[in-house]
Amino acid sequence: MRAPALPDQDDPGVRAAQEARLRQVWAPPRGIFLRWTDVNNTAVGVWYTLTAVGMLVFAGCLALVVRAQLAFPGNDLVSASTFNQLFTLHGTVMMFLFAVPIFEAVSILLLPQLLGARDLPFPRLSAFGYWSFVIGGVFVAGSIFFDAAPDAGWFMYPPLTTEPALTGIGADIWMLGLSFIEVAAIAAAIELIVGVLKCRPPGMRLNLMPLYAWYVLVVAVMILFAFPPLIAGDVLFELERMLDWPFFDASRGGDPLLWQHLFWIFGHPEVYIIFLPSVALFAMIVPTFARRHLIGYPWIVLAAVGTGFLSFGLWVHHMFTTGLPSISLGFFSAASEAVAIPTAVQIFVFIATLWAGRVVWATPMLYGAGALAIFVVGGLTGVMVAVAPFDWQAHDTYFVVAHLHYVLIGGAVLPLFAGLYYYWPMVTGKKLSDRLGRAAFWLIFVGFNVAFFPMHISGLGGMPRRVFTYPEGIGLDLPNLVSSIGAFVLALGIAVVLVDLAMSPRRARGSRNPWAAGTLEWLARPDEHWGVRSVPLVESRYPLWDQPGFVERHDEGRFLLPDAEEGKRELLISSVLDAKPLLVGRIGGPTVKPMLAAVTLGGVFIFTTFHLWIPAVMSAALALAAILWWLWTETSIVPEKPMKHVGHGVMLPLHSSGPVSPGWWAMVITMTADATALASLVFGYFFYWTVHPEFPPAAAPGLEGPGRFWPMTALVLFALGWAATIAARETNALERVGSARACLVLAAAATVAAGLAVLAGPSSSGLDPTVHVYPAIVWVLAIWIAAHAAIGVVMQVYVLARSAAGRLTPVYDGDLRNVAVYMHFVAFGAALTLALIAFFPERAR
Amino acid sequence: MPYSTVSGRRRGRKMPFRPRYGSCYSVGRARTKGADPIEPPDREDRIRGKLGSKPFFRIRRLGKANLLRRKKGSDPNFPLTRLSATPCLALVGGCAEVQSAFAPFGAEADAVRVLAIAMFSAAAAITVGVLALAAHAVRRDEGIGPRGAMRVVLWLGGIGPTVLLAALLAASLPRMQPLAAPAGGLVIAVEGEQFWWRVVYRPDGVPPIETANEIRVPVGRAVTFVLESPDVIHSLWIPGLAGKVDLIPGRTNELVVVATARGRFRGVCAEFCGPSHALMAFDVVALDAEAFDAWLAELARPAADATAHGRTLFDEYGCPGCHVVRGHFAGTPIGPDLTHYGARANVAAGTLPMSVAATSRFIRDPRELKPGARMPAFRDMPRDDADAIAEYLVELD
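Respectively, the protein sequence lines represent chains A and B. If you count by my numbering, then the first sequence holds residues 354 to 1198, one letter each, in order. If you count by my numbering, then the second sequence holds residues 559 to 955, one letter each, in order.
Please keep in mind that the hints were generated in silico from the structure rather than gathered at the bench. Among the clues, some could well be false.
[To be verified] Far from chain A, some chain B residues (derived; all Cβ distances over 12 Å): (1) G743; (2) P761; (3) A855; (4) D873; (5) G879; (6) H886; (7) A935.
[As the list claims (entries may be wrong)] Cβ-Cβ distance ranges computed for the label pairs, FRET-style: (8) B:R859 to A:L965: 55 to 61 Å; (9) B:I892 to A:L430: 31 to 37 Å; (10) A:L430 to B:P732: 42 to 48 Å; (11) A:P1054 to B:D762: 41 to 47 Å; (12) A:P1054 to B:I892: 53 to 59 Å; (13) B:A738 to A:E1195: 53 to 59 Å; (14) B:I892 to A:V970: 41 to 47 Å; (15) B:A729 to A:A1188: 44 to 50 Å; (16) A:L965 to B:A728: 54 to 60 Å; (17) B:I892 to A:E1195: 40 to 46 Å; (18) B:A858 to A:D1121: 42 to 48 Å.
[Unchecked claim] Some but not every residue of chain B turned toward chain A, in silico, with C-beta under 8 Å: (19) V672; (20) T782; (21) V790.
If you're wondering where the values come from, they're calculated on a predicted model, not measured in any experiment. Idealized CB from N, CA, C, for every residue including glycine.
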């Protein structure tokens, strides 16, 4: 096909017409209710960020009550029960409802601008994630107003938490409310990974990516591997609480330490999931104020990747006091100390960049300097607690409380405030007040140190964490009083920041790129929702500094995709390594469907918390319906023409399937996370095998294994379902649609049978999951596989219906290819799991 | 805070008391002349309790100043309670406190203190160095150039930390090997239960001896703690003696310690274990070896004869259903062993100093003092009966 002539970008009339079309396509919905159906990253990102900051303020208020209670020994401001809810919710909200969501929120807001993209590849998924976060967040955080908050610390160690007599509904609220949010967090991570890999502008090879994008990639991949173990743990936890399956009950073969392993395999990477995005903000801010490129780009990328990698090998340092062999102590001590090295590299990259540059001082730099001072102290105390003998004293004391706040406030909150002062003009067009910013900084910095430095002393001086009171006269009175005073000064500083933000709408607009930064996000114009006027050709890491006339060419639409002539929201999708444009992806506009899906899915978790089984099942059915409606009407739409001219003579297809398309990548990444969750359950199976001299236990009623017949039958059926799905994909591509549909029918039938056969194993041998942990873990694995079979069947029937409705054709077969990817993973997981429960370990005869 | 707030008045769900500690603690290394501070107040002092609304007869008869009103440090027998946290602000300046890793009385805690001082010094130097360098980098007008900058990253960010951390690891690895448990040495089995400590001495060749909420160890002899939990996870932490070790249901952990100085100290539960986690403390007394042997023999003997009335009531109210008083009631060992109850320094696992009043108050409503305590309340028990039972218990020493 011949490319049509280039539009005449020299003609202001043409440009104005293009801008009008773009403006109309990207216009946010208006109206009190309809505005919330917006899905664009500039809207959702702002809501998300503000909600997360709201959670910070809420959890901070809880901490103030905690500090007020602890100001004096034997204080009776709140009861023990209230206090335990306060500190649990403080930690929980800060970790799950502030620290991780704020990373995703800021990334949703910034990433498309950093990549010169119009939006993220799945904007409706962002909206779904946001509404899930709001529902789950309000559910968990609000529980304290009903005296029903979780009350056993943010890591919820069983058996204190799994024994219903010891812990009330709070534990269920924690597990189910947060599981819902964790799913949303994984959804956001998937979107961010695909965004970084597939939505870069032409020319932005991986080694030209802004560092923030690198960090997003690292952190999102970490979320992908860190959250599923926790979700697997949540599943075991809730099964114990609701159905009395004894995963953590030592009297029936369970082990409380399995939870600690699963929690900290999540929990330690979590620290870096929180910390690395803040380093990423530094990496954007420091070059701007040093007026030069960042020194050692490959070093810092390798350091970020190395930190992410090492962070998965340290979790046991949270368990140094559980009675581990010396060899584990030595290994995990060494690994925990090693992670300080890439961290030091990152810090010195910034210092070296500042040293090599000519530094312009500004408020964001003030916060950055304060963050550095605090984080260095937190990092060094981190090295101390990595040393096992020292940790035996410091563990579970206020020393650790001090350490983690130095790390998280120095490593996440202050950099975030630096980012706030830095990026506020990009989002709103208005700078924040330097005077208020400085005042707030000094209040925060001084208040923080006054609050948290004495905790090092009170901790080693004998104060365990999570105590609602402490005795008078054993040396804890003064450090606690000082800490409490500091906490209120810190809070005052945060209040000043909030005042600054609140005054912003009344201030006048400033210039477009007030810090004279060199990266793509400063192309954004706060009054336009299209993201970029045209998708630029990037040749440098700092194109605004290095490419002459870059901003003008962008503004005049002289790069790619300057128009929206078909009235659709469009993105440029590029190749993973070298960012060659591959196709024009069309994304959805405002819609209520993601919100509907979030509400109904949230209902499932909330009703389950209260054991309202019938509403929970109804809500699940509605959620399935909402998701299917969303998918059916809004995804994989057959375009009106196969190709489109995007400018400069480049013709790109409007649709693709398989590895070229973002959807295929999203499926692969989703299933990687899913496989990680299954691997965590399998880890549990092996864990029980290692802690028990005899596993499975000697045969007894209710303890007979699942046998070999049914698992192997299921395996054959899964293989059939998988092969039939692949056959459907191939025959469909060969335009033999009838055969493809027949294969899909066969695949669905085989998958249904496979799911039933999986369950038939433990069911026919009478495995009783309440008797011992062995039947319980076998049942969980079987149910996990069967549930995946059920989802597979829904998918197979869905693509069959799409094919029948003409929405899936031999060319436009993205859905079918994605279902094939799903079946690869399910068949592999089923083979592994079924072989495991059928053959391992050999039962003593 | 004077002790007068211990009046049993209840204000809604709030915590109606102010625990006060320190009056019977002292530290070996800084002992002064006078009464031996290792032992708790004498028996008369114990029996004179803080009064509820209804005075207790023995107090009236003795008619002395209310012991429990004494201000912190005002008792010449216990001068060290005057110490506040202020010396702690010198970080490691040998702050003499009963529950502090800065004031070790055990070999392991002492070694960790030395390690901590080394790490704190290095950390302070590194912090100052990094911040000074950062300040220098920001202020300098002419830069160092990309090559110099890369050298900074390589040496200060890469090689420097690697060398320092390798040295730290090498220095700390030997400390990760636990002390070896001596053959035939004293074994003390400790069980953490919500919210108290079951302590069973298992000397070689003698039947085990059970007590609760107080651990005594001989100075200079290795002792093996065998740590288990029947309910939830707890953690045994005696900061002055050694690091903490968790007590995990279904698992058995061991901790070998050697006390190096005499004194009366304090330990706590360090792993959150429920509503009264903060009120799960215990006394630790390090005695000379001979004194320890004598004390253990004393602990092994059954209870002496005691007040008839309280003893009868103890039985009538069904207390032996959960408590053993060796020599008086065989009982069921669900709750703490009470055979030598009165010899302990504190009531309810370090919550209040030992007295009849505190004991009586705890009997009538344990959860008022300790939220979530497992012991059932006896709110309908007449105060006289509770006092009589408490008096019986306090006399058991």
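Quick rundown of the hints versus the structure:
1. G743: holds (19 Å)
2. P761: holds (24 Å)
3. A855: At about 31 Å from chain A, B:A855 clears the 12 Å cut-off, so the statement holds.
4. D873: holds (29 Å)
5. G879: holds (20 Å)
6. H886: holds (32 Å)
7. A935: holds (16 Å)
8. B:R859 to A:L965: 55 to 61 Å: holds (60 Å)
9. B:I892 to A:L430: 31 to 37 Å: Distance hint for B:I892, A:L430 holds at roughly 34 Å.
10. A:L430 to B:P732: 42 to 48 Å: holds (46 Å)
11. A:P1054 to B:D762: 41 to 47 Å: holds (43 Å)
12. A:P1054 to B:I892: 53 to 59 Å: Because 31 Å falls outside the window, the suggested range is violated.
13. B:A738 to A:E1195: 53 to 59 Å: violated (37 Å)
14. B:I892 to A:V970: 41 to 47 Å: Holds: the Cβ-Cβ distance is about 43 Å, inside 41 to 47 Å.
15. B:A729 to A:A1188: 44 to 50 Å: holds (47 Å)
16. A:L965 to B:A728: 54 to 60 Å: holds (59 Å)
17. B:I892 to A:E1195: 40 to 46 Å: Given a distance of about 42 Å, which is inside 40 to 46 Å, the answer is holds.
18. B:A858 to A:D1121: 42 to 48 Å: Holds: the Cβ-Cβ distance is about 46 Å, inside 42 to 48 Å.
19. V672: violated (10 Å)
20. T782: Cβ of B:T782 sits 13 Å from chain A, so the hint is violated.
21. V790: holds (4 Å)
Checked against the numbered hints above, the structure violates hints 12, 13, 19 and 20; every other hint is satisfied.
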